Amino acid sequence: MTINSNSIYKEHILELYRHPKNFGSLEKPTHKAHEHNSLCGDEIIIEVKVANGKIDEIKFNGQGCAISIAATSMLTEKIKGIEVEKALKLSKEELLDELKIPISYARLKCVLISIDTLKKALEKK
Amino acid sequence: MKTKENFPIFKNNPELVYLDSAATTQKPQIVIDTSKEFYEKNNASPNRGVYDLSENATKKLNSSRKIISEFINSNENEIIFTKNATESINLIANGIVYLIPSKKDEILITEMEHHSNILPWQSLAKKLNLKLKAIKINENYELDLEDARKKISDKTAIIAFSHASNVLGTINPVEELIKLSKEKNILTVIDGTQIVPHKKIDVKNLGCDFFVFSSHKIFGPAGVGILYGKYDLLDKIPPFNKGGGIVKSVSLEKAEYLPPPEKFEAGTQNIAEIIAFAEAINFINNLSFKQIEKHEEELYNYAIKKLKKINNIKIYNPEKNSVPLISFNLENIHCHDIATILNDDKIAIRAGHHCAMPLMKTLKVQGTCRISLSIYNTKEDIDKLIQGLEKAQEVFKQ
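So the sequences go chain by chain: D and S.
Sequential numbering of the first sequence, starting at 834, is according to our numbering.
Sequential numbering of the second sequence, starting at -12, is according to our numbering.
Extracted from the complex, chain S is given alone in its bound form (with noise of 0.2 Å):
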């Protein structure tokens, strides 16, 4: 797969490995050309003025909108554009205290999730006197299904889980997860932020209420989130914020509403990066999650067997149904110190708890090594990364 030409990052920075795709990707050229050329050519605020500007910009935010809702299969007034994920399902959080039957207590989420999507179940179960449990993982690094039976009850009001976790690289089961809650009347919320660079995602196959990722993880610009969720649903929430741009009338006692996406959407949008954005995901469907598949299995595959032949490394993965990013500790080595030596011959790799601190305590850990691969990745970069390895086993040796 010949990417990497694509990505200025990669002719500015020669040398670099980047292996920490999870935490933001590399930017095509034609995303940072797309929101330049905004700015220098088609600057103006959208759904606002009637001048020609104006009404460009609003068609590019509704063309926009339309290619990211066809992306994962909604339709085009299920998107919301949010800041990120992570400011994505703080606003389901607030907003679906609306939705919840009175007589379901409980919230469920997994031993798993990012702190982004813990913490704001658990504030809100503090708020509403809910409790908070958590699916545990078993020893494959998978989340274990048995429990997940057990804790999905009558009492569920909502349950909220990664599609694919940030530190194992584990797929869940999504569809089932989905079934089990659908069956006892639960919200479903899924943090897709991992998934969408890696698979294509039908948000009405899988049947979920809620859905969310963040663009800059998926080469388009930071900045920009999206919330996806269902139109009857999002109908029965009053807006998260309240401004400019989500009324069809105010006075001063009262105000009515436009209906969704738009009453989520106070104050100019990000226009330029929301465009980007769309690019971002042009460039994809130009390549194809079939290539981008393939490629990525075999660095995956490539790095696991590459991995294992260290000596004294313990795998955080479950080696089947993984996005392709794997956690790693070596033994006797802190995580912060290995990044450290890679990052002397440019190799860039995340270490610490992910955001993920509960999941790390179940992993008895501090924290771990983390590579995550990409479309621009190349066997050379694991090889480096290996070589890189073996250097810091070679710096710690007792």
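Pulled out of the complex, with its shape left as it was, chain D reads as follows (with noise of 0.2 Å):
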């Protein structure tokens, strides 16, 4: 049985899910939302603090799998100190682009819950 190439847990994957960036909570967040993904019932939670229109801090915390962990880690690097409308605009595609693996349909959400999560944060007032 070997390690099939289009295997999804490519090394930098699996180097963010062990060592995720921005992993924590926020002391005052201006902004925070939970998010639940329905296939599994992992969790993300997201906080923001917003300072002039832009991301000045962000952190997340959960239990997820590799790729969720992952994908949000990537999230939260790629939309600190950008405008708040910038980060909203933020596409799936740029994301799993970023990704640079496979992602099946099923696996999809596990992508796309972080930016769910972001988006609920930002949205709310």
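These are calculated hints, taken from the structure and not from any lab test.
Keep in mind it's a predicted model, so treat the numbers as computed, not measured.
Some clues are possibly wrong.
Here are the simulated lysine to any residue pairs, SDA-like style, with alpha carbons at most 25 Å apart [what the hints assert, rightly or not]:
hint : chain 1 : residue 1 : chain 2 : residue 2
1    : D       : K942      : S       : V352
2    : S       : K378      : D       : L847
3    : S       : K307      : S       : S275
4    : D       : K933      : S       : K333
Join the two chains into one complex using the hints; note that each chain is given alone, in its own frame.
Printed below as a string of structure tokens:
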């Protein structure tokens, strides 16, 4: 039994799973949201501190698979410091491109939970 | 047991290791052929026309009902065709209000139920302002009978529980629970979905009031479910759905309904698949439960033994009185990551919460991996699973 070359478990994904960036929580977030993945019950919490219309600080926590943790880690890195309006426009394609792995239809939710949680947080008044 | 060749899915997917029969079983050739043949040669609406094709469809519907009723030792007029077990439970939950004595105000379920045996009761409890309680499980992943004895009381109107758990595999002490319930005049609803493919069921002997299961989890087609109910209880419940085929006479003001089961089967039935389901039952009868149990027990014991040898595995199974279904987790690897890695080698397992989120909370996990075995599985399937799990650990090693 060999490791499939099409495997989504590339080293950069596994590395982010083991050592995710921006994992934790903020003391006084201005925006916060919590989402569940209906497929597996995983949960992701994203906390954001917005200052001058920009994402000043961002942290996430929760429990998830390698894909959802790696994707959320990547997302938080990508939007740190950018304008909230720009962050809200981030598309799933951009994130999928960045992940550089073939995601099956069934596992798409594991990637999208990060964007969904972020948008839910930022859209909250 | 040489049954694999009866299942064309394995001819078309020679590498497939199918370990998800608790979600849906594969279909034997005879079931597929029966459905196809009905549409090609015999298609007509039953209970409607007086022409030969329709009459034959009616006869087939009735003979299928007979085969299925004999399978669980009920009377023919106590078997109602539904869409699936979920619909069966929802129909009972909607109709049972006519059977609840006014002084009773509690519904009892268990912590290990599938959402389909929680949500209809949760909703009914809210609607009628009843309390919903759940019997706990113990550290051996069995139902806590002490807790059951405490919670089964004069206040309990309904008890609804699974005969076998779809996550833990645990076969519940059904006889004991029914006995305790009958002493308190409690209506008993059993979700038999996970037991019927594995053990002979006799509803008369059990003495339960309602018993439900799905065709597609016992080698039959999807889209057919069974609701068994004691005739005198069914007789007291008005029709769930109103429509064609359930009345003696109708005026614009009122209707006189047919007796059970017809009064519960409004609209044209899923006739081809009901007939195919009866063929699935014939298929099981021909194999015999004696053979099925022997094969499955051997496989289950082999699987448990092999799984326990894996490092850092946590198994959620009572290891006795279990259907051939085992849930587990590997430390530090998410169940969906394991399932994805196994899929690379065409090994199909289920991962996630298994529609049992309250049980996941009790187990303190987000989800589990689950393998569920059936008559077409072999020891080689288990060996491949074990290799796949070792591979997952290799991929995720720190």
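Verification of the hints:
1. D:K942 x S:V352: 19 Å, holds
2. S:K378 x D:L847: 14 Å, holds
3. S:K307 x S:S275: With Cα atoms ~22 Å apart, S:K307 and S:S275 stay inside 25 Å; holds.
4. D:K933 x S:K333: 23 Å, holds
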